[in-house]
Structure formats: structure tokens, C-alpha cells
Amino acid sequence: MGASSGPRLSGIQKQVLSLYREFLRVARSKSGEDHRQIESIVSAEFHRNSNEIDRKNFIYIEYLLRRGKKQLEQLKSPDIVGLSSLNVGSSQPKKT
Amino acid sequence: MATFSAAAAAATSSVTFASSLKPSLRNTVTSGITTSNLKMVTAGWTKKNFPSLKTNRFHVSCAAKPETVQKVCDIVRKQLALAADIELTPESKFSALGADSLDTVEIVMGLEEEFDISVEEESSQNITTVQEAADLIEKLVEKKTAA
Chain D
1 MGASSGPRLS GIQKQVLSLY REFLRVARSK SGEDHRQIES IVSAEFHRNS
51 NEIDRKNFIY IEYLLRRGKK QLEQLKSPDI VGLSSLNVGS SQPKKT
Chain A
1 MATFSAAAAA ATSSVTFASS LKPSLRNTVT SGITTSNLKM VTAGWTKKNF
51 PSLKTNRFHV SCAAKPETVQ KVCDIVRKQL ALAADIELTP ESKFSALGAD
101 SLDTVEIVMG LEEEFDISVE EESSQNITTV QEAADLIEKL VEKKTAA
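Chains as they are written, first to last, in my numbering: chain D, 1 to 96; chain A, 1 to 147.
It should be emphasised that the hints constitute simulated quantities derived from the structure, not laboratory data.
Treat the hints with care, since some could be wrong.
What the hints assert, rightly or not - The list that follows gives simulated cross-link-like pairs (lysine-lysine, DSS-like), each with its CA atoms no further than 25 Å apart: (1) A/Lys143 / A/Lys65; (2) A/Lys144 / A/Lys65; (3) A/Lys78 / D/Lys30; (4) D/Lys69 / D/Lys56; (5) A/Lys139 / D/Lys14; (6) A/Lys139 / A/Lys65; (7) A/Lys93 / D/Lys14.
Work out the full structure: start from the sequences and follow the hints.
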């Protein structure tokens with residue numbers, strides 16, 4: 001393993017993947033139904049952004065990273081367990 | 001231990017072949033047949049030697065138990081929502097199955113959950129095939145049970 005395998009990832013890609021991992025980890029700490037809901041919302045959001053955003057649009061990606069980190073911090077709080085719908089709102093800003 | 005005996009078997013097979021190669025070589029020299037015949041002999045030799053080398057290496061990389069590989073295959077299938085008729089071998093590359101880096105993260109998270117291990121960030125990004133995932137899992141599970 002190591003050098004021969006795996007795609008070469010840029011720093012910003014690694015940051016995004018790391019954030020995604022963190023989100024999935026936090027989702028795991030929530031219970032049953034919420035867990036699955038958070039996971040599907042987060043997954044949809046990341047995949048949507050990965051398809052829609054130009055990979056060279058660093059400024060926007062960095063903004064999303066910062067926003068994601070803040071949302072992650074909020075989600076980490078044990079009080080947020082039942083408030084996964086909060087994430088729905090933030091992942092679909094057009095509706096609000 | 002198994003690797004050693006396999007290597008020994010490979011060595012003996014190549015030795016016996018070398019001895020059989022010699023007369024044929026001498027034959028070409030004495031009878032003066034064209035070099036094309038000689039070429040054929042050499043090709044036969046490499047061909048004979050290669051599979052044994054390959055199986056040897058296969059043994060080493062296949063250290064992961066078949067159950068593990070099967071479990072990994074199942075999880076990959078589930079995560080990527082693959083149709084049942086899509087073939088999934090240990091050598092299949094995730095990218096060839098239509099997975100991007102986000103999907104790979106999901107697969108690794110799914111594997112962590114299933115095997116109750118934690119994969120480091122660095123190594124998780126290096127996983128590209130089922131076999132690599134299975135090998136890494138075996139290593140981590142071993143480390144966990146030893147600790």
C-alpha cells in the first residue's frame with residue numbers, strides 16, 4: 001500500500017473528505033432514526049456540492065468548508081440529537 | 001511457512017526446467033537450427049517461471065481471510081448500491097465501480113462500523129480495491145486483539 005495506490009488528492013480535497021468523515025462520525029453518535037436522517041442529508045449535500053461546484057472554485061469551497069465546520073460543531077453538541085431537521089434547513093437554503 | 005515452501009517449490013521447478021532447457025539449447029547449437037527455435041525455448045522458460053512467482057505473490061497478498069473479503073464485498077455492494085449482476089472481485093477498483101472519493105469515505109466508515117475498528121485518515125484514502133481494504137482490516141483487527 002501507499003505510493004502506488006490511491007488517487008492523488010489535493011489539500012482542499014483532503015479537508016473536504018476529512019470533514020465528511022467527521023460528519024459521518026457525529027451522525028453515528030446519534031440514535032437510530034436521527035442517525036440515518038443525518039447521514040442521508042449530509043451525504044446528499046456533499047455529493048450535490050461535489051457535482052455542482054467547479055473544482056477550481058477555491059473561494060467558494062473554502063467558504064463551504066468553514067460553514068460545514070461550524071455546522072459540525074453545532075451537530076456535535078449532545079443537545080442537537082433531536083434537531084436533525086435543522087440540518088435539512090441548512091442544506092436547502094433556497095427553501096428558507 | 002507456507003510462503004517458504006511455495007518459494008522452494010518454485011525454485012525446484014525452475015531448476016528442473018533449467019536442466020531440461022540445457023539439452024535443448026545444446027541441441028540448437030549442434031544441429032544449427034535457426035534462432036527462432038531458441039527464442040521459443042526462452043519464452044517457454046519465462047512462461048513456466050512466471051505463474052509460480054505470481055501464485056506466490058497471490059498467497060502473500062491474500063492473507064486476508066475469505067470471510068473478510070466477502071464481508072467487505074457485501075459492504076461495498078451496499079454502499080455503492082450495486083446491482084446484483086455487477087461482478088465484484090477483490091481486485092475491482094472502487095473508481096471502476098463508479099465510486100468517487102466521497103463514496104470511498106462512506107465505504108471506509110461502513111467497514112469501521114462493521115469490524116469495530118478505526119481506520120486512520122491517511123490509510124483510508126489509499127484504499128482503492130476490496131483486497132486492499134480486506135488486508136488493512138485484517139491488520140487492524142489483529143492489532144486490536146493483540147492490544
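Cross-check of the supplied hints:
Pair hint A/Lys143 plus A/Lys65 holds up; C-alpha atoms about 16 Å apart against a cutoff of 25 Å. With a C-alpha separation of about 16 Å, the suggested pairing of A/Lys144 with A/Lys65 holds against the 25 Å cut-off. Taking the CA atoms of A/Lys78 and D/Lys30, the gap is near 21 Å; set against the 25 Å cutoff, the hint holds. The suggested pairing of D/Lys69 with D/Lys56 holds, with an alpha-carbon distance near 20 Å, which does not exceed 25 Å.
Our distance criterion of 25 Å between C-alpha atoms is met by A/Lys139 and D/Lys14, whose separation comes to about 24 Å. For the proposed pair A/Lys139 and A/Lys65, the alpha carbon gap of about 11 Å is at most 25 Å, so the pair holds. The suggested pairing of A/Lys93 with D/Lys14 holds, with an alpha-carbon distance near 20 Å, which does not exceed 25 Å.
The structure meets every hint from the earlier list without exception.
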